[in-house]
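Peer 1: Let's have the full structure, built from the sequences with the hints guiding it.
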Amino acid sequence: MKQLTYLVLAAAAACGGKQKPQPIVATPPVEDNGARDGASSDEEADDDVEIISTQGKIDPDAVTRAIEPHASAIEACYVQNVGKRRWLGGGVELRWDVAADGALAQVRLVRSDLGAWTVEKCVLDIARQLSFGKPRGGKAHVSAPLSFSHGSGAVPWDEDQAVRAVGGRFKELAECAKTAETADPTNVTVTLYVGTRGKVQSVGFASPGGFDDAWADCAAGRAMAWALTDPRGKVAKLSFVYNPAETPEDEEQ
Numbered sequence: 001m002k003q004l005t006y007l008v009l010a011a012a013a014a015c016g017g018k019q020k021p022q023p024i025v026a027t028p029p030v031e032d033n034g035a036r037d038g039a040s041s042d043e044e045a046d047d048d049v050e051i052i053s054t055q056g057k058i059d060p061d062a063v064t065r066a067i068e069p070h071a072s073a074i075e076a077c078y079v080q081n082v083g084k085r086r087w088l089g090g091g092v093e094l095r096w097d098v099a100a101d102g103a104l105a106q107v108r109l110v111r112s113d114l115g116a117w118t119v120e121k122c123v124l125d126i127a128r129q130l131s132f133g134k135p136r137g138g139k140a141h142v143s144a145p146l147s148f149s150h151g152s153g154a155v156p157w158d159e160d161q162a163v164r165a166v167g168g169r170f171k172e173l174a175e176c177a178k179t180a181e182t183a184d185p186t187n188v189t190v191t192l193y194v195g196t197r198g199k200v201q202s203v204g205f206a207s208p209g210g211f212d213d214a215w216a217d218c219a220a221g222r223a224m225a226w227a228l229t230d231p232r233g234k235v236a237k238l239s240f241v242y243n244p245a246e247t248p249e250d251e252e253q
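Residues 1 to 253 in the numbering used here are what the sequence shown spells out, letter by letter.
These are computed hints drawn from the structure, not numbers from a lab. Since the model is a prediction, treat every value here as computed from it, not as a measurement. Any given hint could be a false lead.
Unchecked claim - The calculated label-pair distances, taken between Cβ atoms and stated as ranges, are: (1) Asp230 / Gln106: 38 to 44 Å; (2) Gly198 / Ala245: 27 to 33 Å; (3) Ala73 / Ala183: 54 to 60 Å; (4) Lys234 / Ala76: 26 to 32 Å; (5) Met224 / Glu159: 20 to 26 Å; (6) Gln129 / Glu172: 30 to 36 Å; (7) Arg197 / Thr118: 21 to 27 Å; (8) Gly221 / Ala183: 16 to 22 Å.
As the list claims (entries may be wrong) - In silico PhoX-like links for lysine-lysine, alpha-carbon gap of 25 Å or less: (9) Lys121 / Lys178; (10) Lys139 / Lys84; (11) Lys57 / Lys84; (12) Lys57 / Lys134; (13) Lys121 / Lys199; (14) Lys84 / Lys178; (15) Lys57 / Lys139; (16) Lys171 / Lys199; (17) Lys234 / Lys199; (18) Lys171 / Lys84.
We treat Cβ as the ideally placed atom computed from N, Cα and C, and that holds for glycine.
Peer 2: Written out as structure tokens, the structure reads:
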């Protein structure tokens, strides 16, 4: 396994109660087995960073070189935004669609249960600066999970509790497509934290098909104004899917 140790931002000083929260970003690059082309058997696969390639291939070392200079900036996205919200934590998964000429066709936040658009947007901004070089054989995809795992103390609410708490308020998010003058995204996982008197404390988004930042800015503003079920002295964490739709095959990869 090729471990990118510079991206494992472990909380080494765990015995110190007032250490800054640190995201743990584990991203060993591997090539999907189906995309191997005469690769040697001693090249071990790993489940974290994937180079998903039915047409083209990207050297895992190129992924390493692209991500390494941005490790501290990714960490700062979380550290500088978490503040006193010690309950804030979770994982995100990024996907880069790399065109045949090496240009980034799209960068998407395909999964996230972090629930913090300020952090997610910051990470996306950094991800859009990366370059993996020209794939061999055509377009390719790179997928990488990042875990901001400091968060603890939030009480998880299940799907039924989430549906009851949000009610019909999700319909307000549809207005954001008009406000932002962009397409209404589908299959958006919306993650919320709810505090005193049901006030939304933080919200974040992810979608396999991606979404426009302007839509998410608007949706975050709408959701932050919601007053939901009061968790009574605790912070509750819940999620729901906005605008569910059949997922195209290329988004499922």
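Peer 1: Now tell me, hint by hint, if it's right for this structure.
Peer 2: Hint check results:
In this structure, Asp230 and Gln106 meet the distance hint of 38 to 44 Å, their C-beta atoms being roughly 40 Å apart. Separation of Gly198 from Ala245 is about 29 Å and conforms to the stated range, judged on CB atoms against 27 to 33 Å. Hint check: Ala73 to Ala183, Cβ distance near 29 Å, so the stated range 54 to 60 Å is violated. Between Lys234 and Ala76 the Cβ separation comes to about 29 Å, which falls inside the hinted range of 26 to 32 Å.
Between Met224 and Glu159 the C-beta distance comes to about 22 Å, which sits within the given range of 20 to 26 Å. At about 33 Å, the CB distance of Gln129 to Glu172 agrees with the hint of 30 to 36 Å. Between Arg197 and Thr118 the Cβ separation comes to about 22 Å, which falls inside the hinted range of 21 to 27 Å. Judged by the Cβ atoms, the range 16 to 22 Å given for Gly221 and Ala183 holds: they are separated by roughly 19 Å.
With a C-alpha separation of about 21 Å, the suggested pair Lys121 and Lys178 falls inside the 25 Å cut-off, and the hint holds. Annotation: proposed proximity of Lys139 to Lys84 is violated, straight-line Cα distance about 42 Å (limit 25 Å). As the CA atoms of Lys57 and Lys84 are separated by approximately 43 Å, the hinted pair breaks the 25 Å bound. With a C-alpha separation of about 9 Å, the suggested pairing of Lys57 with Lys134 holds against the 25 Å cut-off.
The suggested pairing of Lys121 with Lys199 holds, with an alpha-carbon distance near 22 Å, which does not exceed 25 Å. Under the criterion of a C-alpha separation no larger than 25 Å, the hint pairing Lys84 with Lys178 is inconsistent with the structure, at around 34 Å. The suggested pairing of Lys57 with Lys139 holds, with an alpha-carbon distance near 8 Å, which does not exceed 25 Å. A threshold of 25 Å between alpha carbons decides the hint, and for Lys171 with Lys199 the separation of about 18 Å falls inside it, so the pair holds.
Restraint check for Lys234 and Lys199: the C-alpha separation of about 11 Å stays at or below 25 Å, so the hint holds. Simply put, Lys171 and Lys84 have alpha-carbon atoms about 31 Å apart, too far for the 25 Å limit, and the pair is violated.
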